[in-house]
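*Asks:* Here are the chains, one letter per residue:
Protein chains: 2
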Amino acid sequence: MSQKREIYCVIMAGGVGTRFWPKSRKSMPKQFLDILGTGKSFIRMTFERFNKTIPAENFLVVTNQNYKSLVLEHLPELTPEQILCEPVGRNTAPCICYAASYLKSKCSDSLMIVTPSDHYVANEELFSQTISNCVEFLDNHNALMTIGINPTRPETGYGYIQRSNSDTISAVKCFTEKPNLEVAQAFLRSGEFLWNSGIFIWKTDTILSAIERHLPDMYALFNGIADQYGKDTEAEAIAGVFAQCRAISIDYGVMEHADNVFVHSGDFGWSDIGTWGSLYQHSRKDKYANVKPAEGCYTYDTRNSFISLPKDKVAVIAGLRDYIVVDTPDVLLICPRSEEQNIKKYIDEVKYNQGDKFC
Amino acid sequence: MSQKREIYCVIMAGGVGTRFWPKSRKSMPKQFLDILGTGKSFIRMTFERFNKTIPAENFLVVTNQNYKSLVLEHLPELTPEQILCEPVGRNTAPCICYAASYLKSKCSDSLMIVTPSDHYVANEELFSQTISNCVEFLDNHNALMTIGINPTRPETGYGYIQRSNSDTISAVKCFTEKPNLEVAQAFLRSGEFLWNSGIFIWKTDTILSAIERHLPDMYALFNGIADQYGKDTEAEAIAGVFAQCRAISIDYGVMEHADNVFVHSGDFGWSDIGTWGSLYQHSRKDKYANVKPAEGCYTYDTRNSFISLPKDKVAVIAGLRDYIVVDTPDVLLICPRSEEQNIKKYIDEVKYNQGDKFC
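Residue numbers (this note's numbering), protein chains in the order written: chain G, 5 to 363; chain U, 5 to 363.
Treat the hints as calculated values from the structure; they're not laboratory data. Watch out, some of these pointers could steer you wrong.
Copies of the same chain look alike in the list, so a pair counts if it fits in one copy or across any two.
Unchecked claim - Restricting the straight-line Cα-Cα distance to at most 25 Å, the calculated cross-link-like pairs of lysine to any residue (SDA-like) are: (1) K317 - T303; (2) K355 - Y304; (3) K315 - E353; (4) K317 - Y302.
Remember, predicted model here, so these are calculated numbers, not experimental data.
Working from the sequences, and respecting the hints, build out all of it.
*Replies:* This is how it looks when you write it as structure tokens:
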């Protein structure tokens, strides 16, 4: 009998997330915010979601070195050695390659669940069941597994996964980037396309083989420093690797090319809550369809608006329809919901004039 | 030759002014705010306007006892004895009666210039000339003088003074309260009506005689405690007087009934700046007709709006037309300019739910 395979959860938490500006900042990105008002940050909710079945010592968090102390603050169950620090963000492929080669150096036979740190899951029980199914499937398959979400609307902000058939677990035909509305509507009608959740499950050996094949330079870079992991020289070695590493997503660099990719479809109320608009969609509304603090926010002739205030601040808001109002101690944003794609532009102008202080 | 008559300036500074909420508060009413961004509060500007010709020791400020220290902070040239404290606000007649009887007890022959503390004057030179003309006129007349402003629009927020003729100094036919728009338009066309600036000039003896005649009870109350002025018992005596005193304006209680009322017309760029709207009218606008801080306020597709921010706060504001946005450290107000008459209602609801803390 083989030894039981160790299951690890790798949380990717390097995003700088400007789309929830001014609440999110470079110094405090979305994964560390309690934007849903649950009392817990996204990264905390992500940890707790997996910690039901995976012990704390089997977590790794890959993040920017600037966020290491924030991660430890939000996840005090982890030790500093469990935080893998990127000197710069290089998209998901180097992040995953780092985690996989690190795990390989620690444990000869492990399975990785890779997850973003800042997504929302409504039905945690169904979610856990989905993960279990994937782990079980991997007992008999050397597959690269992803979780795809049955789409409920022609969302243009997500990537899509085309599956071969409608089984719960199906081989993947292809990955696609964010479509335009017409394409998204066709995807939705076809029934063949799932939203790409960015959650992956695979044996460490399987993903390393796939990276070796499809991103051989990257594989070689990390393989070349594998003997430094856990030593004082690790940070310096990693700095050298990231300096040479191209920025590429695991989807684009590996998943689109590999022939052993499978998708498990899911209906567990997933959202990446990537915009103020999607947060509005997922939040409880008052009878005028406003999302606003339970106390201290007085609205008049105001409809379909999202309002966020600092703790203990009072606001009187009259005559707004379909607006986003986000007040923070040092920045106030008022913007029509239909204009939120311009927030990046607003930030750029603030940065140009004021420097990084408010961004 | 008679001794030169002493000229006193009496600044009425008891208003609680909620119309500039949330910037003005009960604890910090308009007269103590630098709402025009000049670097000086209204009461400071008022003091300096008169201090060009009247020495600091000839000022009196009548205010609520809660504002005494604020007054001394803004007008450090004054001594505590120059602040007459009202235990409660009872409109302008008791305020003026207190100041007049106090002055009478100090000085046998004085002239009073009575002024609100929170108005704006653009042309200070013309204003000073107007005051000089009035003082000169009083050399030969025992008149109750007011200053009337040549109206430039059918303002419904002001009281009006009807004059007998179009001389610079004219006898007054009558005082009227705030008219409706149709009446205000007729007033403007007639050329007979001036805006009531609330500035009065008279000999102390003349106003005391008029109060004795038209408000005999009030006169008797203050006359009965005149021997307490400047003594330790003054505050207690005044508390007793104000408890019995009816609340009435000097216009309604005296000026409308007296037969020796004259008005000096003026064109010195006066405004009471009583609302966010009038502040908007008097402020410098950008090319999109927005009034906003010179720095840190980024507007997009925003027109005809008034924006006020705390020092050093950044705001991004998109898609607003004709709005008032006033942000303070603890309260945010967003409201169409056309709805500003509702601010009182908003304050009442905030007060009902949150108590006085934010009002």
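*Asks:* Against this structure, judge whether each hint is valid.
*Replies:* Cross-check of the supplied hints:
1. For a Cα distance limit of 25 Å, the shortest separation of K317 from T303 qualifies both inside one copy, at 14 Å, and across copies, at 23 Å.
2. Proximity of K355 and Y304 under a CA criterion of 25 Å is satisfied inter-copy only: 16 Å between copies versus 33 Å inside one chain copy.
3. For the identical chains of this complex, K315 and E353 are inter-copy neighbours only, at 19 Å across copies versus 27 Å inside a copy, given an alpha-carbon limit of 25 Å.
4. Taking CA atoms no more than 25 Å apart as the test, K317 paired with Y302 passes in both settings, with 11 Å inside one copy and 22 Å between copies.
Violated hints are absent here; each numbered hint is respected by the structure.
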